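Asker: Make a model of the complete structure from these sequences and hints.
Number of protein chains: 2
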Amino acid sequence: MVEKTLNDLFLAQLKDIYFAEKKIYRTLPKMAKATKVPELKQAFTAHREETQGHIERLEQVFEMIGKRPQTKACEAINGIIAEGEETIEDFGESASIETGLVAAGQAVEHYEMARYGALIAWAKQLGMPKAASLLNETLQEEMKADQLLNQIGASKVDKMAMTKMAA
Amino acid sequence: MVEKTLNDLFLAQLKDIYFAEKKIYRTLPKMAKATKVPELKQAFTAHREETQGHIERLEQVFEMIGKRPQTKACEAINGIIAEGEETIEDFGESASIETGLVAAGQAVEHYEMARYGALIAWAKQLGMPKAASLLNETLQEEMKADQLLNQIGASKVDKMAMTKMAA
Chain A
880 MVEKTLNDLF
890 LAQLKDIYFA
900 EKKIYRTLPK
910 MAKATKVPEL
920 KQAFTAHREE
930 TQGHIERLEQ
940 VFEMIGKRPQ
950 TKACEAINGI
960 IAEGEETIED
970 FGESASIETG
980 LVAAGQAVEH
990 YEMARYGALI
1000 AWAKQLGMPK
1010 AASLLNETLQ
1020 EEMKADQLLN
1030 QIGASKVDKM
1040 AMTKMAA
Chain B
880 MVEKTLNDLF
890 LAQLKDIYFA
900 EKKIYRTLPK
910 MAKATKVPEL
920 KQAFTAHREE
930 TQGHIERLEQ
940 VFEMIGKRPQ
950 TKACEAINGI
960 IAEGEETIED
970 FGESASIETG
980 LVAAGQAVEH
990 YEMARYGALI
1000 AWAKQLGMPK
1010 AASLLNETLQ
1020 EEMKADQLLN
1030 QIGASKVDKM
1040 AMTKMAA
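So the protein sequences, as listed, match chains A and B. With my numbering as the guide, the letters of the first sequence map in order to residues 880 to 1046. With my numbering as the guide, the letters of the second sequence map in order to residues 880 to 1046.
Be aware that one or more of the hints could be misleading.
A pair holds if it fits inside one copy or across any two, identical chains being indistinguishable in the list.
Said to hold, decoys possible - Here are the simulated DSS-like cross-link-like pairs (lysine-lysine), alpha carbons at most 25 Å apart as the crow flies:
1. K1035 with K1023
2. K909 with K951
3. K1009 with K909
4. K894 with K951
5. K946 with K920
6. K915 with K883
7. K894 with K1003
8. K1023 with K1003
9. K902 with K883
10. K902 with K946
11. K1035 with K1009
12. K1009 with K883
13. K915 with K1003
14. K1035 with K1003
15. K883 with K912
16. K912 with K1035
17. K1023 with K946
18. K883 with K1035
19. K883 with K920
20. K883 with K894
No wet-lab data here; the hints were simulated from the structure. Note that the structure is predicted; figures quoted are calculated from it, not measured.
Answerer: Rendered as structure tokens:
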């Protein structure tokens, strides 16, 4: 068999996260629609714009390694998003939907953080500092998005769910 | 319809992570078997023992809320683990398998960190500091496992993959 290298793994993972970002881009409007909290709606909408930028950065990295941008079905993000959709279905009319949406968003961010973390380490190993730096810009935005969800969760949403429970 | 509360969301998420931990417990031996790096084998084996503890802590939390421990199929962890198995299949005989295994392990840890983070916040909101503290013990172990994989990746595995590529 042909020996697979770190280059192959990098490319496989790049296709995986390219699929994931595109799926996230299509899903964020559903999440924005499902929330009644303006801050959360705004966070999902703004993150969708950022996600467009993440897709474009990935296309730049494909170009850097001389490959055509290509997706590879990412079972992980499909599963994470399926769970988010299940939450919207099960809790969509209830007070705790907002809390569920924050958690769903954070699960997505954490998945991306893990994948970008690996890609950045490999890009450095493979002597592609420019690719590493581009991917790191995205990682920083994913981390900020996660922190923002944390803040919205702690300051608005969880308290709201509790108030409604007590009412 | 019956109004769903934060209690319902907490219970749903508890069943989800209970399923995930059990699945991880069954999967870790496959990951340990797939690596030839002793440090990584040891990390997966030790984390399996910790995972048994995580399962038991979840059972304690079920007891605290007066519910029978029950799983709920977690599409997210199924997807994340399916991707890890695909990596073993595609890269199992190659130099970069070790790098792929580290990344697969980190994707699992990040998923758990997101889920435990949410559960801890909700347990506090719901006035269950003891449950929050138990879940936080697990979160700390997941974070340590992620950091250990980071170290093994940076110090051993990625360099090894590069050496083999150059050879």
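Asker: Each of the hints needs a verdict: does it hold here or not?
Answerer: We went through each hint and held it up to the structure:
no.	hint	result
1	K1035 with K1023	within (18 Å within a copy, 30 Å between copies)
2	K909 with K951	both (23 Å within a copy, 24 Å between copies)
3	K1009 with K909	neither (34 Å within a copy, 35 Å between copies)
4	K894 with K951	within (5 Å within a copy, 30 Å between copies)
5	K946 with K920	neither (36 Å within a copy, 34 Å between copies)
6	K915 with K883	between (48 Å within a copy, 16 Å between copies)
7	K894 with K1003	within (18 Å within a copy, 39 Å between copies)
8	K1023 with K1003	both (23 Å within a copy, 24 Å between copies)
9	K902 with K883	neither (28 Å within a copy, 28 Å between copies)
10	K902 with K946	within (21 Å within a copy, 36 Å between copies)
11	K1035 with K1009	between (39 Å within a copy, 24 Å between copies)
12	K1009 with K883	within (23 Å within a copy, 48 Å between copies)
13	K915 with K1003	between (42 Å within a copy, 23 Å between copies)
14	K1035 with K1003	between (40 Å within a copy, 15 Å between copies)
15	K883 with K912	between (43 Å within a copy, 19 Å between copies)
16	K912 with K1035	within (18 Å within a copy, 46 Å between copies)
17	K1023 with K946	neither (30 Å within a copy, 36 Å between copies)
18	K883 with K1035	between (49 Å within a copy, 18 Å between copies)
19	K883 with K920	between (43 Å within a copy, 21 Å between copies)
20	K883 with K894	within (16 Å within a copy, 38 Å between copies)
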